[in-house]
Amino acid sequence: DAEITQSPRHKITETGRQVTLACHQTWNHNNMFWYRQDLGHGLRLIHYSYGVQDTNKGEVSDGYSVSRSNTEDLPLTLESAASSQTSVYFCASSSNNQPQHFGDGTRLSIL
Amino acid sequence: AQKITQTQPGMFVQEKEAVTLDCTYDTSDPSYGLFWYKQPSSGEMIFLIYQGSYDQQNATEGRYSLNFQKARKSANLVISASQLGDSAMYFCAITPRWGSGGSNYKLTFGKGTLLTVNP
Chain A
596 DAEITQSPRH
606 KITETGRQVT
616 LACHQTWNHN
626 NMFWYRQDLG
636 HGLRLIHYSY
646 GVQDTNKGEV
656 SDGYSVSRSN
666 TEDLPLTLES
676 AASSQTSVYF
686 CASSSNNQPQ
696 HFGDGTRLSI
706 L
Chain B
4 AQKITQTQPG
14 MFVQEKEAVT
24 LDCTYDTSDP
34 SYGLFWYKQP
44 SSGEMIFLIY
54 QGSYDQQNAT
64 EGRYSLNFQK
74 ARKSANLVIS
84 ASQLGDSAMY
94 FCAITPRWGS
104 GGSNYKLTFG
114 KGTLLTVNP
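From first to last, the protein sequence lines stand for chains A and B. Offset between the first sequence (1-based) and my numbering: plus 595. Offset between the second sequence (1-based) and my numbering: plus 3.
Next up, chain A with everything else stripped away, as it sits in the complex:
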């Protein structure tokens, strides 16, 4: 079955380090998204992509970057991790005019 997978599921790192969270989908969806979930804020959009070589900033993009070199993957990079980026991160994908489907999330702790 087609799916969307995130790795790692849990990560602990230190402030100032570069961190990359992986997202891989096998649905051949054009659209991919990264969200973060924090208590009291629901889910907020970090970056998104509508296809290969396309990336766009979302609501809370500062300190994050993405790249889309193929259809299946949209890795999220924290250039220099900060404690404020401790959160649960969700990747999602969709085809046009279809609901987004989410990965299981990555719990990231920055000490």
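Since the hints were derived computationally from the structure, they do not count as laboratory data. We put the CB at the ideal spot given by N, CA and C, even for glycine.
Output of the computed footprint for chain A on chain B, the stretches with three or more beta carbons under 8 Å from beta carbons of chain A:
{"id": "1", "region": "48-55"}
{"id": "2", "region": "110-120"}
Non-contacting residues of chain B with respect to chain A, defined by C-beta distances greater than 10 Å in every case (computed):
{"id": "3", "residue": "MET14"}
{"id": "4", "residue": "PHE15"}
{"id": "5", "residue": "LYS19"}
{"id": "6", "residue": "THR23"}
{"id": "7", "residue": "ASP29"}
{"id": "8", "residue": "PRO33"}
{"id": "9", "residue": "ASN61"}
{"id": "10", "residue": "PHE71"}
{"id": "11", "residue": "ASN79"}
{"id": "12", "residue": "SER83"}
{"id": "13", "residue": "GLN86"}
{"id": "14", "residue": "GLY88"}
{"id": "15", "residue": "SER90"}
{"id": "16", "residue": "ALA91"}
We have chain A; now place chain B onto it with these hints.
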């Protein structure tokens, strides 16, 4: 810009009863899509149901239905015959220009309602 308001931080329902989770939205776009997601305690986000603003009929998916009242800008989720496994956080979300071409497909979420089903 779009905004979703979920006014019920928590709701309780008895098993086998129906429950309505409230969602109101604000958008200036003439067409939009409204979505509900379920997040159980295990953490994953599960898509439940969606409604396009131009859809004439309210959406239904099994025990889930979306009570869409366009004039009131509300898109409430109705769960019939609640089950213990329905205990979870529920999120309402909106995307602009849904189905009309030019949609950006970005979701704006509400803060969620925690539903507890009592036996």
